[in-house]
Amino acid sequence: MDIEYRENCLSPEDFIRLRIAVGRVATPLPQAEAALRAGLYNVTAFCEGKAVGMGRLVGDGAMYWYIQDMAVLPEYQGKGIGKSIVKRLLQHIYLHTSAGTFTTVGLMAAKGREGFYEKLGFEARPDDHSGAGMIRYIENNNRQA
Numbered sequence: 012m013d014i015e016y017r018e019n020c021l022s023p024e025d026f027i028r029l030r031i032a033v034g035r036v037a038t039p040l041p042q043a044e045a046a047l048r049a050g051l052y053n054v055t056a057f058c059e060g061k062a063v064g065m066g067r068l069v070g071d072g073a074m075y076w077y078i079q080d081m082a083v084l085p086e087y088q089g090k091g092i093g094k095s096i097v098k099r100l101l102q103h104i105y106l107h108t109s110a111g112t113f114t115t116v117g118l119m120a121a122k123g124r125e126g127f128y129e130k131l132g133f134e135a136r137p138d139d140h141s142g143a144g145m146i147r148y149i150e151n152n153n154r155q156a
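The opening residue of the sequence shown carries number 12 in this note's numbering; numbering runs sequentially from there.
Check the hints yourself; a few may be wrong.
List time: in silico BS3-like cross-link candidates among lysine-lysine, alpha-carbon distance up to 27 Å [as the list claims (entries may be wrong)]:
1. 94 to 61
2. 122 to 90
3. 130 to 90
4. 98 to 130
Pair ranges (Cβ atoms, derived) [unchecked claim]:
5. 88 to 146: 36 to 46 Å
6. 18 to 132: 34 to 44 Å
7. 110 to 37: 23 to 33 Å
8. 32 to 117: 23 to 33 Å
9. 20 to 127: 18 to 28 Å
10. 110 to 88: 33 to 43 Å
11. 142 to 113: 42 to 52 Å
Calculated from the structure, these hints are not laboratory results. Where a beta carbon is used, it is the ideal one built from N, C-alpha and C, also for glycine.
Model the full structure from these sequences, guided by the hints.
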C-alpha cells in the first residue's frame with residue numbers, strides 16, 4: 012500500500028467525508044471551507060488518489076498550536092497513517108518555533124484514543140502541573156445571524 016502525504020491541500024469535501032467516516036458530526040460545506048481557510052497547516056494522506064487520512068493545526072502559530080480533526084478511514088487505521096500525520100504536524104511546529112523558545116501543542120483525544128497520543132509524547136491531563144482540559148460547544152440556531 013503506497014501512501015502519499017500532501018501539505019495544505021485538504022478539500023472541504025474530503026474534510027467532511029473523513030469526519031463523517033470516523034463518527035463525527037457532519038459539517039456544512041461553508042463551515043468546512045471557512046475552517047480550512049483559517050487553519051494554519053494540514054496534512055492529508057492519499058492512497059491511490061483517495062484521501063484516507065487528515066490532520067490539521069490551528070492556533071496562533073507562535074506560542075500555541077492545537078492538533079484538530081485527526082481522522083483516518085477505519086479500513087486504513089492501524090497502518091501507521093495517523094502516526095505519520097501527527098509526526099508531520101509536529102515537524103511543522105518545530106520548524107516554526109524560534110530557537111531558544113518553546114511552544115505548547117494541545118489536542119482533545121477522542122475517547123479511547125489517548126494511548127495513541129501518549130505513544131507520540133503527549134501527556135494526559137490533569138496531572139501534577141496542569142488542570143483538566145475543558146471544552147464548551149456553542150450552537151447557533153438563529154438563522155438571521
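Quick rundown of the hints versus the structure:
Between residue 94 and residue 61 the alpha-carbon distance is near 18 Å, which keeps this suggested pair within the 27 Å criterion. Only pairs whose Cα atoms come within 27 Å are accepted, and residue 122 paired with residue 90 is accepted, the gap being roughly 20 Å. Taking the CA atoms of residue 130 and residue 90, the gap is about 15 Å. The hint holds against a cut of 27 Å. Proximity of residue 98 to residue 130 is assessed by CA-CA distance (about 11 Å); at most 27 Å being required, the pair is judged to hold.
Between residue 88 and residue 146 the beta carbon distance is about 24 Å. The supplied range of 36 to 46 Å is therefore violated. The supplied range of 34 to 44 Å is broken by residue 18 and residue 132, whose beta-carbon atoms lie about 22 Å from each other. At about 43 Å, the beta-carbon gap between residue 110 and residue 37 misses the expected band of 23 to 33 Å. Take residue 32 and residue 117: their Cβ atoms lie about 24 Å apart, and the range 23 to 33 Å holds.
A C-beta distance of roughly 24 Å is found between residue 20 and residue 127, which places it inside the suggested range of 18 to 28 Å. In this structure the hint that residue 110 and residue 88 lie 33 to 43 Å apart at CB holds, the actual value being about 36 Å. The hinted window of 42 to 52 Å between residue 142 and residue 113 is violated, with their beta carbons roughly 19 Å apart.
Of the numbered hints given earlier, the model fails hints 5, 6, 7 and 11; all others are met.
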